[in-house]
Each structure stands twice: as structure tokens, then as C-alpha cells.
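With the hints as your guide, set chain B onto chain A.
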Amino acid sequence: MKRKFFSDRDKLEPALITIFAGVFSVLVGVGLIFIVSKDPVQSVRNFLLGPLLRTYNFYYLLIAMVPITFTGLALCIIYQLKYTSLIVDSSFYSGAIVATAIGINVSLPPGLHPAIAMLAAGLVGGLISLLPAILKIKWRANELVSSLMFNYVFYFIGSFVILYYLRDRNQTILASMPFQKSFSLPKLVENTQLHAGFIIAAVFVVLVSIFLFRTRWGYEIRITGANPKFAAYAGIPVATVALYAHFVSGFIGGIGGAVEMSGLYRAFIWQMNPSYAWDGVIVAMLARKNPKFVPLSALFLAYLRVGADFMSRRGDVAFEFITLLQGLIILILASDKIANYFKERRLKRAALSHDLAAQASSAGGQP
Amino acid sequence: MIKFIISVFSSSNYWFIVLRSTAPILLVTLGAVITEQAGIKNMALEGSMLWAALTGVIVSAATGNVWAGFIAGIAAAVVIALILGLFALKLDANAVLCGVALNLFSTGGTVFVLFSLTGDKGISSSLASKTLPFIKIPFVENIPWVGKIFSGQNIIVWISVLAVVVIHIMLNKARVGVRIRAVGENLEAAKSAGISPNRIKFLTLAVSGVLAGMAGCFLSMGYTSNFTSGISAGRGYVANAAQVVAGGTAVGAIFASLIFGLTDAMATYLQNIGLPPELIQALPYVVTILGFVVITLIRDRKELIRKKKLFEKDRAKPLASGLGA
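One line per chain: the protein sequences are A and B, in this order. The opening residue of the first sequence carries number 1 in this note's numbering; numbering runs sequentially from there. The opening residue of the second sequence carries number 1001 in this note's numbering; numbering runs sequentially from there.
It is worth saying that the hints were derived from the structure and are not from the lab. Treat the hints with caution; some may be incorrect.
To give an idea of the interface, some chain A residues facing chain B are shown, with a C-beta separation under 8 Å as derived from the structure [claimed, not checked]:
1) T84
2) R140
3) L144
4) L148
5) M149
6) F156
7) S159
8) A318
9) I322
10) I330
11) K337
Quick caveat: nothing in here was measured; it's all calculated off a predicted structure. The beta-carbon is built from N, C-alpha and C at its ideal position, and this holds for glycine as well.
Chain A with its partners taken away, still in its complex shape (with noise of 0.2 Å):
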């Protein structure tokens, strides 16, 4: 199996492609680094060093990696169906208050408590992707437009929930209540943050590999979104196809901010939208849409995020040159042009060999 893989030139040169998309990002960063840094070598040093050589950082990368590693799960199923919603930001984010609400006002056995939490969220989330996408359906209306719409709306929504029902007046900053014992996940490690959301991440990883590859709804999925007017004549719903699709992805990021919370945090404390679906979707298009690949791609995220959040805390480089690096690594990946640079001048090279051992017949053999 292995074997084949690295011999297929057809799966190996687009992974040649990301490889190179994210090594042209890192040494882009190190270029900016150098432009603004006073002490650019220590800087260089930080960020790319700083996740590996700490303990604590290193547990704080496995941590970054678990939100948007279901975000990026989210984002798979809407590429495989070719949709560009986002609206999975507002499923995080809502997820994560649904939860809230559900820590604090709930009283569960430990266990129990996260989990009832986590479904609600993922229900509430999922119910919430479905919006685009039938204005999508029903109106054409562009479903990216919408989305960005929506998530305005229900991060007001969701601060308004925290400021007015959930919020804990005695303290000076904006914080909800204290949540419940019982509604934390456990410790992996002793003595770090590392949560088992970790695990439930990994089970997500499995579960919607299987869903998309394994079964009858997730073929439907990658059927209507290679090519919906065929899925059409071959009897494929499309629409419900859509559908259930939203709700999965959004049921996945409903799920990811309840997990957030009940694995990191004591209360909701969340100055603003922390918008781990915009990661979502540099981890979903790493991955190539393909859920197996989504660790992978979360793991690359995060290095850099923690990396660059290190160095930020200890030099003169602003945290956010790493976003500026995340929009540098979507150009590359969605350019289908550099996707198929090597593919194309194979064919090329190709044709013009049969042109030549044909010698006569092509006219204007130009492809």
C-alpha cells in the first residue's frame, strides 16, 4: 500500500506541491522576520525552536492542534462537496456557548456532563450550518457571502447570551460563570493542559475519514461535489445531499468549541471570536480535503501558531505576521495552476514526444 502510494505520480506531486507551500510560508516568515526584527537570529531561533524545545510549548502545540483540527474536519466535508461556506465559525463559536450554558446551569454526573454538553452544542451547530446552505439551495444565494453574514451575526448573538444570562458580574473583565466541576474533561498528563479532547479530536479524525470514504452518504458527498448534474441523473438528492452534509460539518464544529471549553477552560472567557474556522480552512486545504491528512496539517498549523506566539512574547515580531502567512499558503494551494505544475508539464512533455513520433499529422500541436 505504502509502496504505491509514493510510486503514484498523481498522489506524490501534489503532496510535492503542499510540502512546498508550506516550506515557501515558513521562509517567507523568516524573511519578514529579518526585515523587522532587531535580533532576527534569536527570532528565527524562537520561532521555529521554541515549540520543540520546551515541554510546556510542546504540550501547548498538541493543544493548539485540537480546535482546529475539527474545524479543518468541517471545512473537509464542504470542499468535498465544493461548497465555500464558512458558516462552521459560527457553529464553533455558538457550540462553545451552548456549552457554556450547559457547564454552568446543568448539573450531571462527570462524564456525562461534557458529553450531553458536547451534543447539544454539535446539535445547535449543525441546526446552525444548515442556514446557507438553503439560501444556498433554495435562492442561489452565494453561500461564502452568507455565511460571513451569519457569523456576524451570531458572535453578537453569542456575546449578547454570555453578557446578559451567563456572565459573572463580580469579576472586572468579561467572564461567564465558573463551570461546573463536573463538566471538565480529564488531564492527559499530569501537570499540563493537555486535555482529552486530544483523544476525542483523534476519534473524530477516524470517524469522519469513515464517513466520507466508507459509506453510502459521505460517496453521495464527494459524488454531488465532483460533479452534481451527474450525482442529479444518477438519482443522487442533491439537495438533501447538501444538507446533511452542512449539518454533519456544522455537528463537527459545534462539537470542537464545546470541546474547547471543557477541556481548556474553568469559565467562557473569550474577549473576542477566537475564528478557528478560518484555520480550518488552511487545515482542510493542507489536507487536501481528505480527513486522514487533517492531523497532519493541524500539527503544521499549530507549530507555526505556537511558534510564532513564542517568539512575539519574547522579541519585537507581531504575532499576526502568522496570519499574513496562513492567506500566503491558501493563494498557493488554491492555484490549480501551481497544484497542476507538474502534471501539466508532464503532459506536455508527453504530447510533444507522440508529436514528434508522429512527425506529420498534428496540426498546430500547441496544447
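Same frame as chain A, now just chain B:
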């Protein structure tokens, strides 16, 4: 409630704010309209605005000349739009994803540059940037109610009105408008008529960059007098929704952006009577979604009626070729 509404609508200050908050949306909506007419979606308007807002502030502070900042800001916005074109048109990238990428690039990039220059991530107040002039109109400013609305507005408000006229002429009266629509509606036909689609698309992207650039400069050098991180606040996205409401015309863009401007200005007032600000802030976006849905609904219904008529006409003739696609 009715009394409140009347008091708001009769206040000249309300209409002053409406004009002020409509202007930047109007400019970017025009930008979205013109690229959409050429068949390319410019999602990078948000990024264009951000770079324009930052570049304007930096250059005007460095040179001490507000117009130098204004020009530089517009140039930065155009560069972003052209990068989108480069990737979407030359490298066959998905234009929507490229837009998303460029916005991410811009959100991070502007904060990165701001921090590297000033050591502050949030606001550019340490830079002595200039503001674009506010126009007092002689005579008009003395008219009681009207004067307070129209006099004292920033020059960009008037430029945005001018932009409507220019874009309207460009789309409807000039030859380039025919070409733009030809490229947007039927690429192959346009090609065979000797029009280079990519050139037209690049042109519309550049124009949308100029418009977004003016809007961005307005935000940091008129609407407020600083650059703050994320200053565009999703206006570039709103423009893409408003573009649908506008129905592809410059005049429609006025109505579409007024919807946003009216609710945005109303939000300030509703806050004053004690409604929760979070819900009020969501209002402009909700209204935009509603407008977006209602318009597509109406458009589709019209389309349906048109098709039905065609169908009936076809049935009247024997041997008609049918509905077609």
C-alpha cells in the same frame, strides 16, 4: 416606539450619520458590482480596504500630505485587487478562496506592519496622520434642517456620489460597459468578438480596487482619524451581499448600501434607548441578509415568469424547439 422612530427620522443628525456610514459601503458595493458584471467575484475588497486604510495613514503621516496618503492608499488597494486577478485569472485559482486568503493576509499583514512601525497592535494614534477635508457648503449650511445634513460631510461622501455617476456611465453608456457585460454574460461570445476577457476582468478589478481604496482611506482618515486593527469591520463582505441586492447596477448600489447605512445609523440611536448593543450591532448584518434573500427571491420569481412566458410562446408555435437550457 412610534414616537421614538419619528424623533429619530426627524433628527438631522440621524441623516448626517446615515450619509456618513453609507458612503464607504456604497463605494465598495460599486466595486463589487463592477467586477461581478465582468463575471469575477472580488472577495478581497475587505483586504483592499484594510491596506488602503493603513497605507493612507502611514503615508500621510510620513509626508504630511493627506492627498499623498490618499493616492498611496488607493494604490495599495489596487495592488491587492490585482493580486487577486493574478491568482484567479492567470493561475486558475478559485477566486472566492483567493479572496478569503487575501483578506486573511491583509488582516494579519496590516497589524504586523502597524506593530513593526509603531509598537502598537491596536491603533495608529502615535502616527500624526491627516484627515481628508470636510466640506462646508456655502448657503446650504444656513438652511435649517437640510444644511446640517449635507454641509460638513467628508469629501469622500461626495466622491461616493460621483462614483455612482461614473460607474453608471461606464457600465451603460460607454463601450467598455458593453464589453464588461459581454465578458460576464457570455465569455465565448465575447472572445469571438475579439474581446480579451482577462484584460476586461483585470480592468474591473483595478476599478474595484480604486473604489475600495477610497473607502478604506475614508475609514481611517475621515470617518475616524486613526487606523485601528480590523477597521473595515466586514464592509468588504457586506458589499458582496449588497451587490446582489443592487442587481448589478450602480443606481441599485445606492439603495443596497442605504439599507446598511440606515440600520447602522439607527443602531446608535437604539443603543441610546437601552436596547442591548450586541443585538443592535448584529442588526445591519441581519438586514443585509434579509435584503439579500428577498432580492434573490424576487429575481428568481421574475426569471420563472419569463421562462413560463417563453414556454407558452413556444407552445403556441408548432414545431418549436422547446425550453432550452
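Right, here's what the structure says about each hint:
1. Restraint check, T84 of chain A versus chain B: the minimum CB separation of about 5 Å is within 8 Å; hint holds.
2. Interface restraint check: R140 of chain A against chain B, minimum CB-CB distance 6 Å, threshold 8 Å, status holds.
3. Hint status for L144 of chain A: holds, given a least beta-carbon distance of 5 Å to chain B, under 8 Å.
4. At its closest, the beta carbon of L148 of chain A sits 4 Å from a beta carbon of chain B; the interface hint therefore holds under the 8 Å criterion.
5. At about 5 Å, the closest approach between the beta carbon of M149 of chain A and any beta carbon in chain B falls short of 8 Å, and the interface hint on this residue holds.
6. At its closest, the beta carbon of F156 of chain A sits 4 Å from a beta carbon of chain B; the interface hint therefore holds under the 8 Å criterion.
7. Hint status for S159 of chain A: holds, given a least beta-carbon distance of 5 Å to chain B, under 8 Å.
8. The interface hint given for A318 of chain A holds, since its Cβ lies 4 Å from the closest Cβ of chain B, which is under the 8 Å cut-off.
9. Taking 8 Å as the C-beta cut-off, the interface hint given for I322 of chain A holds, the closest approach to chain B being about 7 Å.
10. A hinted interface residue such as I330 of chain A counts as satisfied when its beta carbon comes closer than 8 Å to some beta carbon of chain B; here the least separation is about 3 Å, so the hint holds.
11. Nearest Cβ of chain B to the Cβ of K337 of chain A: about 4 Å, under the 8 Å cut. The hint holds.
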